[in-house]
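Go ahead and model the full structure; you've got the sequences and the hints to work with.
There are 2 protein chains.
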Amino acid sequence: MQNISFGELFAPARTSAKSLGQGEFLFRQGDPSSSLYTVLAGGVRLVRYTLEGNAVVMHTARPGDSLAEASLFSEIYHCDAEAVLPSIVACYDKGKILAMLREHPEKSLTCIALFARQVRSLRALLEVRSIRSARDRVLHYLLLQADPVTMEMSIPAGSLKAMALKLAMAHETLYRTLANLESEGKINRNASIIKIHH
Amino acid sequence: MQNISFGELFAPARTSAKSLGQGEFLFRQGDPSSSLYTVLAGGVRLVRYTLEGNAVVMHTARPGDSLAEASLFSEIYHCDAEAVLPSIVACYDKGKILAMLREHPEKSLTCIALFARQVRSLRALLEVRSIRSARDRVLHYLLLQADPVTMEMSIPAGSLKAMALKLAMAHETLYRTLANLESEGKINRNASIIKIHH
DNA sequence: CGAGTCGTTGAACGGAATCAATCGTCGTGG
DNA sequence: CCACGACGATTGATTCCGTTCAACGACTCG
Numbered sequence: 005m006q007n008i009s010f011g012e013l014f015a016p017a018r019t020s021a022k023s024l025g026q027g028e029f030l031f032r033q034g035d036p037s038s039s040l041y042t043v044l045a046g047g048v049r050l051v052r053y054t055l056e057g058n059a060v061v062m063h064t065a066r067p068g069d070s071l072a073e074a075s076l077f078s079e080i081y082h083c084d085a086e087a088v089l090p091s092i093v094a095c096y097d098k099g100k101i102l103a104m105l106r107e108h109p110e111k112s113l114t115c116i117a118l119f120a121r122q123v124r125s126l127r128a129l130l131e132v133r134s135i136r137s138a139r140d141r142v143l144h145y146l147l148l149q150a151d152p153v154t155m156e157m158s159i160p161a162g163s164l165k166a167m168a169l170k171l172a173m174a175h176e177t178l179y180r181t182l183a184n185l186e187s188e189g190k191i192n193r194n195a196s197i198i199k200i201h202h
Numbered sequence: 005m006q007n008i009s010f011g012e013l014f015a016p017a018r019t020s021a022k023s024l025g026q027g028e029f030l031f032r033q034g035d036p037s038s039s040l041y042t043v044l045a046g047g048v049r050l051v052r053y054t055l056e057g058n059a060v061v062m063h064t065a066r067p068g069d070s071l072a073e074a075s076l077f078s079e080i081y082h083c084d085a086e087a088v089l090p091s092i093v094a095c096y097d098k099g100k101i102l103a104m105l106r107e108h109p110e111k112s113l114t115c116i117a118l119f120a121r122q123v124r125s126l127r128a129l130l131e132v133r134s135i136r137s138a139r140d141r142v143l144h145y146l147l148l149q150a151d152p153v154t155m156e157m158s159i160p161a162g163s164l165k166a167m168a169l170k171l172a173m174a175h176e177t178l179y180r181t182l183a184n185l186e187s188e189g190k191i192n193r194n195a196s197i198i199k200i201h202h
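Residue numbers (this note's numbering), protein chains in the order written: chain A, 5 to 202; chain B, 5 to 202.
One or more hints might be untrue.
It does not matter which identical chain is used: a pair holds within one copy or between any two.
[Claimed, not checked] Taking lysine to aspartate or glutamate pairs in the DMTMM-like style, the calculated list, with each CA pair at most 20 Å apart, reads:
{"no.": "1", "residue 1": "K190", "residue 2": "E56"}
{"no.": "2", "residue 1": "K199", "residue 2": "D69"}
{"no.": "3", "residue 1": "K199", "residue 2": "E56"}
{"no.": "4", "residue 1": "K100", "residue 2": "E110"}
{"no.": "5", "residue 1": "K111", "residue 2": "D151"}
{"no.": "6", "residue 1": "K170", "residue 2": "D140"}
Hints were generated in silico from the structure; no laboratory data involved.
The model shown is predicted, which means the values in this text are computed figures rather than measured ones.
Written out as structure tokens, the structure reads:
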């Protein structure tokens with residue numbers, strides 16, 4: 005049960021994939037909810053609007069993230085979902101998922117485990133972001149991500165910027181901080197592998 | 005099903021409450037896991053240690069937060085849980101919860117809804133924290149928390165500091181920012197109620 | 001009444017954001 | 001096939017805003 009993914013668990017309910025142009029909407033606030041999604045490429049932003057029309061961004065889903073799980077328990081979507089980049093999303097039928105969960109209680113447990121893991125990782129990320137110093141923030145994040153045995157982590161090629169986004173810092177700051185950590189001897193970088201020394 | 009809380013859903017599995025002195029451990033990494041918890045008062049920090057002994061804070065649970073849900077699916081705890089303040093936690097028996105979920109599939113669905121809501125709010129908080137400017141960060145958070153109809157939110161008395169913690173900013177900055185927003189006319193404060201104007 | 005804490009404001013400093021420029025790589029289309 | 005554009009990675013210089021340190025009044029609780 006341990007490391008199954010959202011996509012694997014709900015594979016039977018998968019319907020199709022959708023391509024979205026930048027700025028295109030996957031769904032709008034108030035639409036009847038029929039599906040949940042995972043982002044395969046690009047980025048999709050969930051925006052809620054207050055009565056006065058203020059926009060409140062609830063989430064920006066990146067590749068690998070799931071989207072609109074809460075719609076499982078709601079008749080309508082409570083947000084707009086807008087592609088901030090040209091994007092591809094996988095779709096999963098809400099009705100089929102609910103039926104699956106009801107018919108196969110053990111799948112419900114797996115699903116709970118899935119969510120519990122996600123909560124854990126979100127909380128860990130929040131904890132990272134509560135660290136003020138850029139240096140310590142990066143170091144903490146690296147320790148979090150690194151393989152516990154080898155103390156290495158691989159940077160998904162071409163995406164130090166994505167990492168900067170996760171860390172909520174300017175990408176320039178991340179480059180500089182990594183360079184400093186390396187000259188301090190705290191880490192090593194060859195190609196796309198970062199090794200941490202203690 | 006909608007707005008039930010963790011405590012309500014799992015009330016039948018509740019065992020006792022534990023008091024912890026500051027610095028006391030609720031459990032240690034590697035202990036067999038028997039319970040999950042919610043924090044009633046104080047604060048409990050989850051810390052994982054790497055092989056080299058580096059500490060990685062995974063989460064700091066505050067009053068209202070649940071704790072160690074992931075232990076439902078693990079034989080042991082993977083973190084130390086240490087009280088950072090004198091604390092009280094409510095305990096829920098893991099075995100009873102699992103049994104409940106297996107026997108009452110509809111409770112599993114409720115539990116999933118519970119987690120989905122939590123994921124949503126964690127993601128919203130992450131989104132808030134990705135806003136650099138203190139002013140916009142506070143404003144975004146207020147819009148997020150305010151009652152959609154009245155555009156008001158009440159500050160749980162004596163806890164602007166707790167709010168500053170959530171926003172990951174120095175509490176002095178929060179005071180100043182609120183003062184500025186008020187003099188800008190964006191918000192009003194009387195007693196413990198903040199009203200947002202658009 | 002004193003200790004502790006929250007809320008508030010002031011002043012100064014420091015570090016991260018920002019603006020900017022360069023280099024390398026990759027993909028695309030002429 | 002090469003020129004061009006786009007984008008990631010990197011480094012420099014400057015600005016600015018949030019942190020930090022500090023002090024004070026108000027309030028609560030023992």
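20 Å Cα threshold - placement of E110 relative to K100: Both: 16 Å inside a copy, 16 Å across copies.
Checking K111 and D151: alpha-carbon separation at most 20 Å within a copy, between copies, both or neither? neither (29 Å within a copy, 36 Å between copies)
For the identical chains here, do K199 and D69 meet the 20 Å Cα criterion within one copy, between copies, both, or neither? neither (26 Å within a copy, 34 Å between copies)
When no copy is specified for K170 and D140, does a C-alpha distance of 20 Å or less occur within a copy, between copies, both, or neither? Answer is both; intra-copy 15 Å and inter-copy 19 Å each pass.
When no copy is specified for K199 and E56, does a C-alpha distance of 20 Å or less occur within a copy, between copies, both, or neither? Between copies only: 13 Å across chains, 50 Å inside a chain, cut-off 20 Å.
Checking an output row: K190 and E56, CA cutoff 20 Å. Within, between, both or neither? Close across copies (13 Å), not inside one copy (50 Å); limit 20 Å.
Going down the numbered hints, you'll see the structure goes against 2, 5, while the others check out.
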